[in-house]
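Line by line, the protein sequences give chains A and B. First residue of the first sequence? That's 1 in this note's numbering, and the numbers climb one at a time after it. First residue of the second sequence? That's 1 in this note's numbering, and the numbers climb one at a time after it.
Hints listed in this document are in silico derivations from the structure and should not be mistaken for laboratory results. We treat Cβ as the ideally placed atom computed from N, Cα and C, and that holds for glycine. Heads up, a few of these hints could be off.
Going by beta-carbon spacing under 10 Å, a handful of chain B positions derived as facing chain A [stated by the list, open to error]:
{"no.": "1", "residue": "PHE13"}
{"no.": "2", "residue": "SER55"}
{"no.": "3", "residue": "LYS59"}
{"no.": "4", "residue": "VAL85"}
{"no.": "5", "residue": "ALA87"}
{"no.": "6", "residue": "VAL92"}
{"no.": "7", "residue": "SER98"}
{"no.": "8", "residue": "TRP101"}
{"no.": "9", "residue": "SER111"}
{"no.": "10", "residue": "HIS117"}
{"no.": "11", "residue": "LEU119"}
{"no.": "12", "residue": "ALA121"}
{"no.": "13", "residue": "PHE140"}
{"no.": "14", "residue": "PRO144"}
{"no.": "15", "residue": "ARG146"}
{"no.": "16", "residue": "ARG295"}
Derived list of chain B stretches under chain A, where covered just means 3 residues or more per stretch with a C-beta under 8 Å from a C-beta of chain A [what the hints assert, rightly or not]:
{"no.": "17", "region": "60-74"}
{"no.": "18", "region": "305-311"}
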Amino acid sequence: MRPLTPPARNPYWRFLVAGFRGQSAYPLATLAGLVANATFGVLKGSIMGAAVESSGGELAGYTAGSMAAFVWLGQGLLGSVNLWGGSDLQTRIKSGDVAVDFLRPVSVQASHVLTDVGKGLFGLLPRGLPSVLIGVAIGGMVLPSDPSAYALGLISLLLGIAISHACIYAVGTAGFWLVESRGVAVFYMSFSGLFAGLYTPIYLFPDWLLTLALLTPFPSMMQLPVDVLSGQVTGAGAWQHLGVQALWLAIVLAVGHLTTRAGRRRLEVQGG
Amino acid sequence: MNVIETEGLTRVFTGRPERGNRLRRSRHVAVDDLDLTVEAGESVGYIGANGAGKSTTIKMLVGILVPTSGTVTTMGLHPLKQRRVLARRIGVVFGQRSQLWWDLPVRESFSILAAIHSLTAADERARTAELVEMLEMGEFLATPVRQLSLGQRMRAEVAAALLHRPDLVILDEPTIGLDVLSKQRLREFLVAQRREHGTTLLLTTHDMGDVERLCDRVLVVDHGRLAFDGTLDGLARTVGARRELVVDLAAASPDLVDVDGAEHVRSDSGGLRQRLAFDPQRTTAARVLAAISERAEVLDLSIEEPDIEDVVREIYRATR
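Please work from the sequences and hints to get the whole structure.
Below, the structure is given as structure tokens:
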């Protein structure tokens with residue numbers, strides 16, 4: 001049997017850590033992100049709170065407390081999932097720096113996705129946790145009492161972060177064909193936020209729109225982890241959420257793998 | 001063993017023109033039917049004008065660009081299909097691109113690269129220490145890459161590419177933008193690496209000094225085709241790679257036309273500054289200077305090497 005490689009000698013672990021540490025180099029930007037998160041959280045919280053109140057204290061299964069949890073957990077996730085569509089891969093294809101990635105004896109997809117997941121995990125500390133604290137302190141957010149919500153929620157959260165970055169990577173591979181793929185990112189952004197449950201819970205959508213949303217990976221990035229973390233969905237429902245997420249992770253990773261393989265042959269490294 | 005072997009290597013870029021009929025695709029042959037062989041241990045300078053096809057060739061050699069036609073094997077491997085195996089055996093520096101982690105200390109980049117290349121912890125320590133000493137990187141090892149000067153970053157880039165002791169090192173413009181001292185240090189390092197490890201070296205450059213100090217074989221490429229393949233001496237014979245001795249004299253003097261082994265090129269400031277060309281194969285700067293000193297008092301002097309652009313232009317002129 002091959003002895004296990006210690007983490008420090010595993011390149012993929014190192015990519016994850018490099019992403020985490022690289023992100024910590026910009027404390028001021030992180031603080032600005034938190035302030036923006038909190039500001040919009042207060043706005044969103046009061047609008048959604050009013051919506052729950054006007055429909056008699058319950059809306060699509062949400063109470064005032066669980067709606068606040070939806071809002072503040074979602075805000076907290078914003079620093080960790082990527083809903084805006086741009087990626088390092090996209091800029092590196094455009095500048096030609098992606099050549100360096102292909103000159104390493106590792107999977108280009110895994111190195112990019114893990115670096116971004118590392119950045120996303122860092123985001124939980126200065127943006128995720130404070131958002132939850134603000135939500136509890138001033139937003140009227142209710143924390144789940146069942147410990148399994150935290151355990152399953154954590155797994156769901158990690159899956160959501162991984163799906164988001166694996167999906168963004170797959171989208172970024174469009175650059176192999178287009179070079180300038182900002183249009184693709186804008187197109188992505190116009191659906192991602194809505195279907196991820198950034199603005200309202202997707203359960204408020206009319207049936208046809210909800211069905212459409214559930215046919216995309218976006219709910220798995222934010223809505224489902226928030227459902228599980230907040231204790232809004234528990235037991236078998238929570239496990240079902242995790243299953244759906246695992247499926248989406250497999251799908252977006254497979255797509256990214258195939259587009260990398262096909263796109264590589266089309267790559268024309270830019271800029272000499 | 002042949003480290004690099006290409007046969008009929010061709011790359012055509014197609015694209016839509018910026019102006020004119022945008023429906024008709026433009027066609028640009030960047031590398032044209034190139035046959036190339038580099039043996040283990042050689043040190044090859046790959047030179048040519050901008051757009052001559054140097055970088056395109058290198059990209060195909062390392063597997064980041066698909067040839068339109070022809071074959072290429074590097075280290076006996078298929079660069080596209082065996083990308084990861086090949087990546088363990090070659091080190092590449094693109095002067096304009098960084099392989100280091102922008103936000104992390106230099107030391108951390110080396111350590112991640114060591115993990116990528118499966119170096120053991122002990123090997124990583126030893127090799128890093130060796131490179132740090134030879135390239136004098138001790139003072140900026142803890143500095144984030146984004147805060148390095150260009151000279152420091154280039155040394156770190158070269159170290160990063162050589163960390164895993166690759167058999168073949170490909171350097172694309174490694175000394176671009178460096179000052180004289182940094183260039184010198186880098187060249188000495190590369191010479192030492194070749195001597196100790198028998199590393200094969202392929203480099204593109206715009207600096208004749210790189211070629212003269214590092215390469216024992218020169219390839220000149222023109223419009224994607226080889227215009228010259230031979231030794232540096234052969235190149236000098238073909239184009240007369242002469243140097244120019246520029247002397248500032250104490251008093252205006254008539255043109256120094258009768259200096260042995262040197263040819264008067266030009267006089268400026270009424271004869272106060274004169275330029276004499278000589279062939280370093282036939283005479284030395286010292287001898288030329290001595291001959292001038294017999295005729296006039298020399299206050300200051302400098303020696304100018306031929307521009308690589310001039311050499312390339314001469315080759316192009318001779319072969320077209």
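Checklist entry - What hint numbers does the structure not satisfy? => result 13, 16 and 18
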